Amino acid sequence: GENVEQHPSTLSVQEGDSAVIKCTYSDSASNYFPWYKQELGKRPQLIIDIRSNVGEKKDQRIAVTLNKTAKHFSLHITETQPEDSAVYFCAASMRGAQKLVFGQGTRLTINP
Amino acid sequence: GAGVSQTPSNKVTEKGKYVELRCDPISGHTALYWYRQSLGQGPEFLIYFQGTGAADDSGLPNDRFFAVRPEGSVSTLKIQRTERGDSAVYLCASSGTSGNNEQFFGPGTRLTVL
Numbered sequence: 001g002e003n004v005e006q007h008p009s010t011l012s013v014q015e016g017d018s019a020v021i022k023c024t025y026s027d028s029a030s031n032y033f034p035w036y037k038q039e040l041g042k043r044p045q046l047i048i049d050i051r052s053n054v055g056e057k058k059d060q061r062i063a064v065t066l067n068k069t070a071k072h073f074s075l076h077i078t079e080t081q082p083e084d085s086a087v088y089f090c091a092a093s094m095r096g097a098q099k100l101v102f103g104q105g106t107r108l109t110i111n112p
Numbered sequence: 001g002a003g004v005s006q007t008p009s010n011k012v013t014e015k016g017k018y019v020e021l022r023c024d025p026i027s028g029h030t031a032l033y034w035y036r037q038s039l040g041q042g043p044e045f046l047i048y049f050q051g052t053g054a055a056d057d058s059g060l061p062n063d064r065f066f067a068v069r070p071e072g073s074v075s076t077l078k079i080q081r082t083e084r085g086d087s088a089v090y091l092c093a094s095s096g097t098s099g100n101n102e103q104f105f106g107p108g109t110r111l112t113v114l
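Chain order of the listed sequences is A and B.
Going by the working numbering, the first sequence opens with residue 1, and the numbers climb by one from there.
Going by the working numbering, the second sequence opens with residue 1, and the numbers climb by one from there.
Honestly, I wouldn't trust all of these hints.
As the list claims (entries may be wrong) - Below, simulated DSS-like cross-link-like pairs (lysine-lysine); rule was C-alpha separation at most 30 Å, straight line:
1) 71(A) to 37(A)
2) 78(B) to 42(A)
3) 42(A) to 15(B)
4) 17(B) to 42(A)
5) 22(A) to 15(B)
Please keep in mind that the hints were generated in silico from the structure rather than gathered at the bench.
Please read all numbers here as calculations on a predicted model, not as lab measurements.
All chains, full assembly: derive it from the sequences and hints.
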């Protein structure tokens, strides 16, 4: 089955700097890659997603890139703010299968 | 409109007891998912419903776990003979139609088995 690896497990950046979180997946049949943000004690919330027919997607300060050949995708957050501090999860879903397979999460801390 | 809701928010039970966890998906969402999240880890898939039927139950860890969705809306996750290792946050999500659509998560039920 699908396996998703996420790095780093923790990331600390200065406010205003950029943060990058990387994920790799194992199954080339995967075609949907969402990113979720989870604050302490709260539900995961989708922040951006990408499908396998595009290589990059951007939404204001957040962007995701996908390399299908290498089977990896990355989350980029620019001009980080304290409210970006949270745990971020990447996930992958295979064509025809609806379940999401999640990475282990990255705890992002923005230092003022 | 209202998001996904789950009840109870917290459940403490004793080893060996039976528990039921409820999920109310977003109105009109045909797909419903259950995940389990242990401390410091990503959500782990348990089961997926399309309408009333379980389309994929490959994530259920053993036969103590069972889920139903009799009318294609509310779902109940049932755990028999609970064990301490069942302690986790149980998350429910729903999405609009079949295909890779956004899954909206509920707040979860924190289950503690003493």
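Residue 42(A) and residue 15(B): Cα distance at most 30 Å? holds, 26 Å
Check the hint pairing residue 22(A) with residue 15(B) against an upper bound of 30 Å on the C-alpha distance. With a Cα-Cα distance of about 39 Å, the restraint between residue 22(A) and residue 15(B) is violated, given a limit of 30 Å.
Checking one constraint from the list: CA of residue 78(B) to CA of residue 42(A), max 30 Å. Satisfied? holds, 23 Å
Quickly compare the C-alpha distance for residue 71(A) and residue 37(A) to 30 Å and report which way the hint goes. OK: residue 71(A) and residue 37(A) at ~22 Å, within 30 Å.
Below or equal to 30 Å on CA atoms is what counts here, so check residue 17(B) against residue 42(A). Measuring from Cα to Cα gives roughly 27 Å; hence the hint holds.
Violation of the numbered hints given earlier is confined to hint 5; every other hint is satisfied by the structure.
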